[in-house]
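Asker: Here are the chains, one letter per residue:
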Amino acid sequence: MLKEKKKKQQSLHKRDSEYALANKQLEKLSNGIFANGELPTFSEKIKQTDQFPLRPNKLEILQINVGYMCNQVCEHCHVDAGPDRKEIMTRETMLQCLEIIKNTGAHTLDLTGGAPEMNPNFRWFVEEASKAGIQDFIVRSNLTIIRANKKYYDLPEFFKKHNVHVVSSMPHWTRGKTDKQRGEGVFDLSIKALQELNAVGYGMPDSTLRLDLVYNPSGAFLPGDQASMEKDFKKALLEDFGIHFHNLFAITNMPISRFLDYLIASENYEDYMYSLVEAYNPAAVKNVMCRNTISISWDGYLYDCDFNQMLELKVASKIQHVSEYNEDVLNDRKIIISQHCYGCTAGAGSSCQGAVAE
Amino acid sequence: MASQNYYDPADLKKFGNITQWSKELGEKFFEYYGKVFEEGALSAREKSLIALAVAHTEMCPYCIDAYSKDGLQRGITKEEMMEAVHVGAAIKSGASLVHGVMMMNKVNKLEM
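Those sequence lines, one after another, are chains W and F.
Under full-length UniProt numbering, the first residue of the first sequence is numbered 1, with each subsequent residue one higher.
Under full-length UniProt numbering, the first residue of the second sequence is numbered 1, with each subsequent residue one higher.
Honestly, the hints are just simulated from the structure, not real lab data.
Heads up, some of the hints might be wrong.
Selected chain F positions facing chain W (Cβ under 7 Å, derived; list incomplete) [claimed, not checked]:
id: 1; residue: Ala66
id: 2; residue: Lys69
id: 3; residue: Leu72
id: 4; residue: Gln73
id: 5; residue: Arg74
Distance condition first, Cα-Cα at most 30 Å in a straight line; then the derived DSSO-like pairs of lysine-lysine [unchecked claim]:
id: 6; chain 1: F; residue 1: Lys78; chain 2: W; residue 2: Lys286
id: 7; chain 1: F; residue 1: Lys28; chain 2: F; residue 2: Lys78
id: 8; chain 1: W; residue 1: Lys28; chain 2: F; residue 2: Lys47
id: 9; chain 1: W; residue 1: Lys8; chain 2: F; residue 2: Lys13
id: 10; chain 1: F; residue 1: Lys106; chain 2: W; residue 2: Lys286
id: 11; chain 1: W; residue 1: Lys234; chain 2: F; residue 2: Lys13
id: 12; chain 1: F; residue 1: Lys35; chain 2: W; residue 2: Lys235
Have a look at the derived ranges for each label pair, beta carbon to beta carbon [said to hold, decoys possible]:
id: 13; chain 1: W; residue 1: Tyr274; chain 2: F; residue 2: Glu83; range: 41 to 51 Å
id: 14; chain 1: W; residue 1: Ser317; chain 2: F; residue 2: Tyr33; range: 44 to 54 Å
id: 15; chain 1: W; residue 1: Asp136; chain 2: F; residue 2: Lys78; range: 29 to 39 Å
id: 16; chain 1: F; residue 1: Asp65; chain 2: W; residue 2: Asn31; range: 52 to 62 Å
id: 17; chain 1: W; residue 1: Arg91; chain 2: F; residue 2: Asp65; range: 35 to 45 Å
id: 18; chain 1: F; residue 1: Asp65; chain 2: W; residue 2: Ala227; range: 51 to 61 Å
id: 19; chain 1: W; residue 1: Asp84; chain 2: F; residue 2: Gly94; range: 54 to 64 Å
id: 20; chain 1: F; residue 1: His86; chain 2: W; residue 2: His162; range: 13 to 23 Å
id: 21; chain 1: F; residue 1: Gln20; chain 2: W; residue 2: Thr208; range: 54 to 64 Å
id: 22; chain 1: F; residue 1: Asp65; chain 2: W; residue 2: Asp328; range: 19 to 29 Å
id: 23; chain 1: W; residue 1: His162; chain 2: F; residue 2: Lys92; range: 33 to 43 Å
id: 24; chain 1: W; residue 1: Glu18; chain 2: F; residue 2: Glu80; range: 49 to 59 Å
Ideal placement from N, C-alpha and C gives every residue a C-beta, glycine not left out.
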């Protein structure tokens, strides 16, 4: 039991797990039910509606992953983040990213991790990046980091000072479901952090300080209707804790990394893939996030999305690194797909900004 | 190949195939079914809990699978789900027990 508990506090990388390796994950996603014809591959599926090959539309979002280090080890994490991950963006790569931020046509800058705040150059980077005057500057904060150590206590004020749009994970409005997915004690710390964000104005009705929450299912099932979930979350968090927030993004768990490992270990993998394929919605393909996003990794490489980053699938372009960044050349590429892409096209679709189809 | 069991979880995925032997009636059923579960005077969430309770009183393993998952997807808690099952169980046992009045009526009529 103790051994099991310890295992849960380590990343797949630390445990030398098979599914820490990108090629093992891709192999799993291409074999079995997708190789024997039981289910169509993602490329076969989008061919049916003439959407193959997938190509980018106008670039709108620059998503930068500043490192895989995190204070939490969530069971569903597609990054396989955790305290034992040491991959962190250097100041030098950040300087290269700043050049891109100054010149990009994208209207949104989205910082993610790991826990981005754990990067020692995080505050400097936010200060510099906010000078570029980008329209929407998102930081994905896991909430508990705000309460993890004294040095982070002033983060709500820091975010406010730089008009950062805070997007935070909150899998459920009950303690049990939240802690099961994200670790013991996470719920109480998250509630405290949300109250502190509210206290400086974040998430309050009519406030321009944006606070959005991300919901993702705590198990092998798909998210329900985003608008209904938002209504339930708002009611429960306000009644129980006096918490306000703006929008809820319902995000589907991707069958990669730790969630893939969980699906296989719990014998839910095939049923989950069936659910994703059954819920396939061609309208979601039209707005899928890889069509308006570029994802940059801690070491400066470029990807179609954060999921492809974790699967080590670099963009199919002669430009693959921030040091040679050119938006026009990059935008003329084919997006790399595999069966995990079904995760973004199920039901109302799923992206880092939540549902994508009506 | 035919399954060796009367109930096979994989059969739930084949439910849509019932239209193959009677297209019109099958399609009408699924259209009706879909319409019933839309938001209406009752929310889709409330309907999901009713369906879960009925799934238990009907003792339909396919329906229990389907509406346990549906409940999770809607963010319905375990406590809410179990209460719904108890509502079904209470009605089911009450329905048996209320027939006791019938027995009493009969006995009272027959006894001197």
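Asker: All hints are to be evaluated individually against the structure, with a verdict given for each.
Answerer: Verification of the supplied hints:
1. A cut of 7 Å between beta carbons decides the hint on Ala66(F): the least distance to chain W is about 11 Å, and the hint is violated.
2. Given the 7 Å rule on beta carbons, the hint for Lys69(F) holds: about 5 Å separates it from the nearest Cβ of chain W.
3. Taken as an interface hint, Leu72(F) checks out: its beta carbon lies about 5 Å from the nearest beta carbon of chain W, inside 7 Å.
4. Of the supplied interface hints, the one on Gln73(F) holds, with its beta-carbon coming within about 4 Å of a beta-carbon of chain W, less than 7 Å.
5. Evaluation of the Arg74(F) hint against chain W yields a held restraint, the C-beta minimum of about 4 Å falling below 7 Å.
6. A hinted pair counts as satisfied when its Cα atoms are at most 30 Å apart, and Lys78(F) with Lys286(W) does not qualify at roughly 36 Å.
7. Pair hint Lys28(F) plus Lys78(F) does not hold up; C-alpha atoms about 33 Å apart against a cutoff of 30 Å.
8. Proposed proximity of Lys28(W) and Lys47(F) is contradicted: the alpha carbons are some 37 Å apart, above 30 Å.
9. Taking the CA atoms of Lys8(W) and Lys13(F), the gap is near 33 Å; set against the 30 Å cutoff, the hint is violated.
10. Annotation: proposed proximity of Lys106(F) to Lys286(W) is violated, straight-line Cα distance about 69 Å (limit 30 Å).
11. Our distance criterion of 30 Å between C-alpha atoms is broken by Lys234(W) and Lys13(F), whose separation comes to about 35 Å.
12. A hinted pair counts as satisfied when its Cα atoms are at most 30 Å apart, and Lys35(F) with Lys235(W) qualifies at roughly 27 Å.
13. For the pair Tyr274(W) and Glu83(F), the beta carbons lie near 30 Å from each other, so the given range of 41 to 51 Å is not met.
14. The supplied range of 44 to 54 Å is met by Ser317(W) and Tyr33(F), whose beta-carbon atoms lie about 47 Å from each other.
15. Hint check: Asp136(W) to Lys78(F), Cβ distance near 37 Å, so the stated range 29 to 39 Å holds.
16. Between Asp65(F) and Asn31(W) the Cβ separation comes to about 26 Å, which falls outside the hinted range of 52 to 62 Å.
17. The hinted window of 35 to 45 Å between Arg91(W) and Asp65(F) is violated, with their beta carbons roughly 53 Å apart.
18. For Asp65(F) and Ala227(W), the hinted distance range of 51 to 61 Å is not satisfied, since their beta carbons lie about 26 Å from each other.
19. Hint check: Asp84(W) to Gly94(F), Cβ distance near 56 Å, so the stated range 54 to 64 Å holds.
20. For His86(F) paired with His162(W), a C-beta distance near 52 Å fails the hint of 13 to 23 Å.
21. Between Gln20(F) and Thr208(W) the beta carbon distance is about 57 Å. The supplied range of 54 to 64 Å therefore holds.
22. The hint said 19 to 29 Å for the Cβ distance between Asp65(F) and Asp328(W), and at roughly 51 Å that hint is violated.
23. About 60 Å separates the C-beta atoms of His162(W) and Lys92(F), a value inconsistent with the hinted range of 33 to 43 Å.
24. In this structure the supplied range 49 to 59 Å is violated for Glu18(W) paired with Glu80(F), their Cβ-Cβ distance being about 38 Å.
Checked against the numbered hints given earlier, the structure breaks hints 1, 6, 7, 8, 9, 10, 11, 13, 16, 17, 18, 20, 22, 23, 24 and satisfies all the rest.
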